[in-house]
Amino acid sequence: MSVTESPALIAQGYRRARVVTRHHAKSFFFASYLLFGQRKKAAFALYAFCRRLDDLVDAGESALEGSPLDLPTRLARARERVAQVYLSLPELASKELGPPSSRQPAADAPSPWEPSEFAALRHSIHLYRIPEQPFQDLISGMEMDLTKQRYETWEELELYCYRVAGVVGLMLTPVLGCEDERAVEPAADLGRAMQLTNILRDVREDLERDRVYLPAEELRAFGLTEDDLRRGQVDARWRDFMRFQIQRARAYYARAAGGVKYLTGFGSQRMVRLMGGIYGDILRDIEARDYDVFSGRAHTTKGRKLALAAAAFVRPRAVLREADTALPLLAPSAPLLSTGTGGPA
1 MSVTESPALI AQGYRRARVV TRHHAKSFFF ASYLLFGQRK KAAFALYAFC
51 RRLDDLVDAG ESALEGSPLD LPTRLARARE RVAQVYLSLP ELASKELGPP
101 SSRQPAADAP SPWEPSEFAA LRHSIHLYRI PEQPFQDLIS GMEMDLTKQR
151 YETWEELELY CYRVAGVVGL MLTPVLGCED ERAVEPAADL GRAMQLTNIL
201 RDVREDLERD RVYLPAEELR AFGLTEDDLR RGQVDARWRD FMRFQIQRAR
251 AYYARAAGGV KYLTGFGSQR MVRLMGGIYG DILRDIEARD YDVFSGRAHT
301 TKGRKLALAA AAFVRPRAVL READTALPLL APSAPLLSTG TGGPA
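Residues 1 to 345 in the numbering used here are what the sequence shown lists, from first letter to last.
Mixed in with the good hints, there may be bad ones.
[Unchecked claim] List time: in silico DMTMM-like cross-link candidates among lysine to aspartate or glutamate, alpha-carbon distance up to 20 Å:
#1 K40 to E179
#2 K261 to D180
#3 K95 to E80
[Stated by the list, open to error] Label-pair restraints from in silico Cβ distances:
#4 R297 to A236: 19 to 29 Å
#5 D70 to V314: 52 to 62 Å
#6 A236 to R284: 19 to 29 Å
Hints listed in this document are in silico derivations from the structure and should not be mistaken for laboratory results. The model shown is predicted, which means the values in this text are computed figures rather than measured ones. We put the CB at the ideal spot given by N, CA and C, even for glycine.
Based on the sequences and whatever the hints tell you, model everything.
Right under this line is the structure:
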């Protein structure tokens, strides 16, 4: 396939991607107001494609064929779609996976993407030279989400956070103007921080889906059980546990803040700081609720978003820094927790 599709088709795809992003990713869409021109359109194209991938892997049946698809088939379809994008861009394909031509889907294989969205994505990947591996890692993260309902250690959860969110930072970094490799790992750290924030916010909702993303080893270290979570019990043990996890998330936000200065795209630094500030503010709201994530959903209000956006212009360096406010390291009552390579320093 050629990357020289019709400009009209590409433009239509970018418009559709904007609609998908606005509907499904309100905080990201809000922060995108600080981006301009092609960078903003490419960010929407990436988000829309990731959303389509998620829908494809998550769906119990093919909307195109109307027949049930087992998990291996769904994952294979998702990987085929990624390979299809890189078929005409072999210089950007993952070396570990072999040439994309060897993984090409059948010419008549149905596609869950509207052709214009596919064209916009391929245009963005070609323009900003976005590598393939983060997309493949994202699919691996989606597989974890479908096959793994409990996480024993932080190392296991950290891998999940990297695969479902950290890699999105890696996809976006070229779009945001990365001329220094020192911006790459902090971008993944911001994704990790945001995913951990989601996990801390959504404990109740995840329990309703019979999922516990909190590391079981660490729950035990603080004297907690799943039954305590199901009772929605907010006591000293739970508060200490949440303080520890919030500190970990803020350590990731702090590392992410250190890499923002390497982004060169116009508006990119402010956009990333605002995105981190909005998500970091969820942690502040959890604290304001006395760590009760069971009776209501912590969030960043529209007023707070507007205040953070204003601060992004007046004092941009302070916005993401608000998400990484230092807390004293809490020692669990049980033997010292293993925090892995990505845990709090």
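Verification of the supplied hints:
no., hint, verdict
1, K40 to E179, "holds (18 Å)"
2, K261 to D180, "holds (10 Å)"
3, K95 to E80, "holds (16 Å)"
4, R297 to A236: 19 to 29 Å, "holds (23 Å)"
5, D70 to V314: 52 to 62 Å, "holds (53 Å)"
6, A236 to R284: 19 to 29 Å, "holds (21 Å)"
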